[in-house]
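J.: Listed below are the residues making up each chain.
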Amino acid sequence: MQASFSPLIGVMKFESEPLSFDSWNRLAWLVIDWLQDAGGFAMLGLCIWLLTSYLNPIYDVLPNGKKRNRLIKPIMVLGAAVAACIYLIALGAVYLSGGDNPTTPRIVVLEQSYTRWGVVLEFALAAGGLAAIVGFGGPFLHDCLKMRWRRIYALALLSFKEAVRRRVVWVFLAILILYLFPARWFFQEKPEDEIKSIVGVTTRGMNVLLISVGMLLAAFSIPTDIKNLTIHTIVTKPVERFEIVLGRFFGYLGLVTAALLLMTGFGLVLINAGNVSSEAADESMKARVALYGRMQFGKIVNRQLVSMEEFKGVDVGREDVYRKYIAGHPSSPHRAIWSFPSVPKRFEQMDSVPLEFAFDIYRTTKGEEGTGVQVTFEVATHAWDPTKRIDDPLNPGTTINMQDAYDRDAKGLTNVTPESPNWPKVNALAERYGRYVYQNWQIFDYHTSRISVPGGIFKNSAAAPAETKPSMPGSKSLTRGVQVRVKCETPSQFVGVARYDLYFVESEGNFSLNYFKGAFGVWFRLVIALAIAITFSTYFAGVVSFLIAMGLFILGFFLDFIREFSSGLNIGGGPLESLARLIKNSNATADLDATPTVKALQMFDGVSRWVWRRITTVIPDVDRYGLTDYVAQGFSIGPEFLLMNLVTLMAYVLPWLVAAYYLMKAREIAA
Amino acid sequence: MPATAVAEQPRTQHSTGSEFIVETRNLTKTYKDFWGRKKKTALNALDLQIKKGEIFGLLGPNGSGKTTTIKLLLGLLFPTNGEATVFGKPAADVRKNERIGYLPEESYLYRFLNAEETLDFYGRLFDMSREKREKRAAELIELVGLQQDRKRTLREYSKGMRQRIGLAQALINDPDFVILDEPTSGLDPMGTIWMKGLIRQLRDDGKTVLMCSHRLDDVQDVCDRIAILYNGDLQELGDVDKLVEDAERIEVRATNLRLTPELKNDLSDVIARHGGTMESFGHPTTTLEDLFKKVVEESKARPGRRYLPPT
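Heads up: the protein sequence lines correspond to chains Z and Y, in order.
Just so you know, the numbering used here puts 459 at position 340 of the first sequence, and the rest follows in order with no gaps.
Just so you know, the numbering used here puts 815 at position 199 of the second sequence, and the rest follows in order with no gaps.
It is worth saying that the hints were derived from the structure and are not from the lab.
There's no promise every hint is true.
Computed cross-link-like contacts, DSS-like style, restricted to lysine-lysine with a CA-CA straight-line distance of at most 30 Å [to be verified]:
hint: 1; chain 1: Z; residue 1: Lys443; chain 2: Z; residue 2: Lys418
hint: 2; chain 1: Z; residue 1: Lys784; chain 2: Y; residue 2: Lys655
hint: 3; chain 1: Y; residue 1: Lys775; chain 2: Z; residue 2: Lys185
hint: 4; chain 1: Y; residue 1: Lys654; chain 2: Z; residue 2: Lys405
hint: 5; chain 1: Z; residue 1: Lys192; chain 2: Y; residue 2: Lys775
hint: 6; chain 1: Z; residue 1: Lys280; chain 2: Y; residue 2: Lys654
hint: 7; chain 1: Z; residue 1: Lys186; chain 2: Y; residue 2: Lys705
hint: 8; chain 1: Z; residue 1: Lys346; chain 2: Y; residue 2: Lys910
hint: 9; chain 1: Z; residue 1: Lys784; chain 2: Z; residue 2: Lys718
hint: 10; chain 1: Z; residue 1: Lys186; chain 2: Y; residue 2: Lys654
hint: 11; chain 1: Y; residue 1: Lys880; chain 2: Z; residue 2: Lys346
Computed spacing ranges between beta-carbons, pair by pair [what the hints assert, rightly or not]:
hint: 12; chain 1: Y; residue 1: Gln665; chain 2: Z; residue 2: Lys185; range: 19 to 29 Å
hint: 13; chain 1: Y; residue 1: Gly822; chain 2: Z; residue 2: Cys204; range: 40 to 50 Å
hint: 14; chain 1: Y; residue 1: Lys748; chain 2: Z; residue 2: Val327; range: 36 to 46 Å
Ideal Cβ placement from N, Cα and C applies to all residues, glycine included.
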């Protein structure tokens, strides 16, 4: 059957799960991880500060004549002592957990499984980190209370004026080049991809321009002040050192934010007023609110769909392991299952609800040219049970299998679309049985398609009482909701699926508003860039600060690879082992001969991995804040998502600002 | 030239309070290298007290520790040993800066700002309200004679103008303690006279001034007490008058007399009778500054005045 599909609409590819407030367990572990990582650095900072303060004290003479080292506060000593004791407990847990093996009993805590000593270790590290954060952050918070926003504003205004009067803002006009020379002049692209390429290219241009300029300004501001001695006239006023840092930070942030707003507004005006093709407008000038479900794989056994914990889909050998595959055949038992425990209430009032999807195809045979691969969609609620016996409405007093009753009532109602006069019957059928099937829909590679699911499905889901035990395969605790089950019908072909490849379209948002929301991604990155650059500038010269900050920022784009490498999950080993493989011309997956040299190299690589694991906590996860794809692919950026990103941003930036506070406090301005 | 020239007052002993604004005890600053090894002792065990309401001069050749002392008092440097207090608070305490004004040696101001913006900026740093800032800025701009140039950026100012706006920012908060590092640097003779008059005015208003200068005549003119540093050590400390007094000699000045050999002989006899020796006999000299001031004032009073060579 030829498919009629809406033209290219993108699908979101999430390499890692986006954060949301729904997954409280995951959020809890994020907090614990943050306490461990930030706490570890806080403890390190605390130890260094206490040591240097004892070696180079600055004494205040108290009214009673006694002397007090003004660099050391009681809370710092207390925090360090408590943290040290707790870290000792963690060390003990490390030692005791050395005896753990796969048969050691495990406890599930916040949906994560650990041995007993593993739990102690995790929580001891977090508690020690918390004590260190309190000790290190206490004086910081105390001094923050002494700050005056008028002074910070004065310094911010100074920074802003300086950048404007030094004509730095002229650099931002370079963004116009991207608008003057559209990508389609240089690249072949389909008409429907026009908006995607405009959004992608201009957002990347804004990223490069704003971040590099912002970082330059931030990295050179305080060192230039110190070099020119202009800072002497500020520090000799009743200005806290950290106010200088914050003033510079907010000043430059204000400048680049204003530039970002102007650029975003200008871009939007050009898109709306420009000669955009109708295909592109239909394709991308949208802001779909997608409802994603949880995904698992299943198998049909004795007409029943059962989930198989051990079946995680087929690995067809592609390097990109983002998707797993189900085998195709009319009698294929493989299913990809999306579960939606809760759906918006308004779905019940809708005549049809769009279900969009974009799957990958792995062909083992060429197949028929111009023809796609056929898949069947079965949408079912928790009330659907094919083997359940129900009263037969046609034969009162008898019962019939739900499946048989459905098959009888669904005759002649196959693959009906909303435009058909039979659609109300399909809707009624769906509402009665809680099932809807669309057979042999044709999918193509890199194409997103859409079918309509009758609103009756959702009425059935809402009306039917919840099951007392999980009734829907593929979901451990799902006693109510809707499932979408996908089967590949074409023999010898495989269909690749991932969680975010299929979704209900909840509603359509406003593209212009979404475009501005997408600019938040750039803004989040700007905050990170400025915070890092300002922090380094409190200690290093301008050039060094800029280089380190830019280096860290760029490393952020490779964070996933660095994490993989530092965990030993990459192929080919560490840098020294890789060098050995290159010299020996050895395959990346083959084992090297266990010579003493190779063992030594692997040991050094192990050390470097440990170091990199520490470094990964410092490298910013800049990819997380890339919201361009949402806008380009036509997906709405939700406020909850933005809020969550803001929270994680603050969690990353705050330790940097605390570091800046201490570096600036310890600095002899006139030395 | 400032609009309101402050009249020069002869230096008299003013009664100073017994309260000390600044106290240092064993104040030491040693610079170390990266490995913690001693490189140079810039200031060595300085014990100093500056009384409230006096003008205190800090003298010494280059590298003697004058600027180091000032930086330690302002919290720009941290002492290696000893302590310093200003208004009873530790020198590193930022709160003491509420009552301090500081004029650095060079005018370290932001050159992209104009005079009004500069004073507005520093006024904000003192948490002053907008009305107070505007009023104070206007007063100071008039005091330092920069009304005509208040809208020009500091980049366009001459050295003397920058020095004056630097002084204005030092006084923006009406401080009780003013630290002036080379205040007359870059000023012409009339500007110097004006500055010295202003410094005296500050003292008369009850403020305490710490002045650091290479121009010894300026220090001698305005300071009540001085300290002389050399190589980081305090060499001399005391009242200016007492320190410069030459107890070995007597000076007599008289008017309504003509310089004649008879007068000289008579005076010589009187001095010899008392066991002394006449060293010099002649007309006393005024200072070059007084001469300059007199010439300028006469030129203002009599336009067209010109130098005529003696016939």
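J.: If a hint holds in the structure, say so; if it doesn't, say that too.
T.: Here's how the hints hold up against the structure:
no.	hint	verdict
1	Lys443(Z) <-> Lys418(Z)	holds, 15 Å
2	Lys784(Z) <-> Lys655(Y)	holds, 23 Å
3	Lys775(Y) <-> Lys185(Z)	violated, 46 Å
4	Lys654(Y) <-> Lys405(Z)	violated, 68 Å
5	Lys192(Z) <-> Lys775(Y)	violated, 45 Å
6	Lys280(Z) <-> Lys654(Y)	violated, 42 Å
7	Lys186(Z) <-> Lys705(Y)	holds, 13 Å
8	Lys346(Z) <-> Lys910(Y)	violated, 43 Å
9	Lys784(Z) <-> Lys718(Z)	violated, 46 Å
10	Lys186(Z) <-> Lys654(Y)	holds, 24 Å
11	Lys880(Y) <-> Lys346(Z)	violated, 62 Å
12	Gln665(Y) <-> Lys185(Z): 19 to 29 Å	holds, 21 Å
13	Gly822(Y) <-> Cys204(Z): 40 to 50 Å	violated, 56 Å
14	Lys748(Y) <-> Val327(Z): 36 to 46 Å	holds, 45 Å
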